[in-house]
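Single-letter residue listing:
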Amino acid sequence: MANVKIDCMYEACPIPLLKLARELKKLEQGDVVVVETDHSCAILNITEWAEKEKFDYWIDETNQGEWDIHVRKTRLK
Amino acid sequence: MNSSVQKKQGLIGLLLLLILVYYFLFKEWNIFQSLLFGTLFGFTLQRSRFCFVSCFRDPILFGNTRIANALLLSLAIMTVSFPVIQKIKFDATGVLVGAVYPTGIHTVVGALLFGFGMVIAGACASGTLMRIGEGYLLQILVLGGFVIGALLGAGTFEWWDNHFISQSPVIFLPELFGWVGAVLFQLTFLLFVYLVIKYYSKKRSLKI
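Chains A and B are the protein sequences, given in the same order.
Just so we're aligned: the first sequence equals residues 1 to 77 in this note's numbering.
Just so we're aligned: the second sequence equals residues 1 to 208 in this note's numbering.
One chain only, chain A, in its complex shape:
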């Protein structure tokens, strides 16, 4: 299973979500994309979308004000 990291440091909304969607499109079911961001609003932007699309997601705070947002391309029931 692929695990792709995309660098969205210092990128404001809506870039992180657009990059994530573009990357997820290319991948297979079950693959994970990790968005590295320092933009707290991107978390809401991405998780809201992931919830709507019923994708699995989780967030790690890697540093103060820096997060890894993981989104798995699996439809939750």
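Check each hint, because a few of them may be wrong.
[What the hints assert, rightly or not] Facing chain B, from chain A, some residues (calculated, C-beta under 10 Å):
#: 1; residue: Ala12
#: 2; residue: Pro14
#: 3; residue: Leu18
#: 4; residue: Glu48
The set of hints was computed from the structure by calculation and includes no laboratory data.
In this text, a Cβ means the ideal position worked out from N, Cα and C, and glycines have one as well.
Got chain A; can you put chain B on it based on the hints?
Chain B in isolation, oriented as in the chain A frame:
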């Protein structure tokens, strides 16, 4: 993982704020009021993750209408409550409170420029300040652009005023429809905007 460092930073911030509040409480009542309101407003903005850019951008880009609806709801509440304050004040003192200014082509051009700018910058004015406080570095750059723009605007305001603003009509809805009519008109308009966003955003959702 860094919660102890963040707690320390929070305490230092709180201490600085208290010193400022205490200082202005006895010196400048106006600044004290602004500071108090600003703190509460900023706190609400940060905690609620309310983003004015997202209101306008997300329905079009992602088909997400949650925050757009929140803004429409807050406008609806204001539409009903603010005229009450205005009417009471107007009947008592004869002075109209609130920003009633000329509306014209300059409003449209300014709104478009501001709209393009805020989507590129990723924040509006209040959002920029709130995110700088939060520690988001990009917005310091945005603040620089914001200050330059505001200075240019303020410096050339007279020219704009003479050529466009003072020549446009002042539209005050209660003058046209009466107080109740104006409120009903604006509520109907907000409902119309809500329905347009609702149906338009359905076609725009980001699917993969």
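Tested hints:
1. Ala12: holds, 3 Å
2. Pro14: holds, 5 Å
3. Leu18: Holds, because the Cβ-Cβ distance from A/Leu18 to chain B comes to roughly 8 Å (cut-off 10 Å).
4. Glu48: holds, 6 Å
Checked against the numbered hints above, the structure violates none of them.
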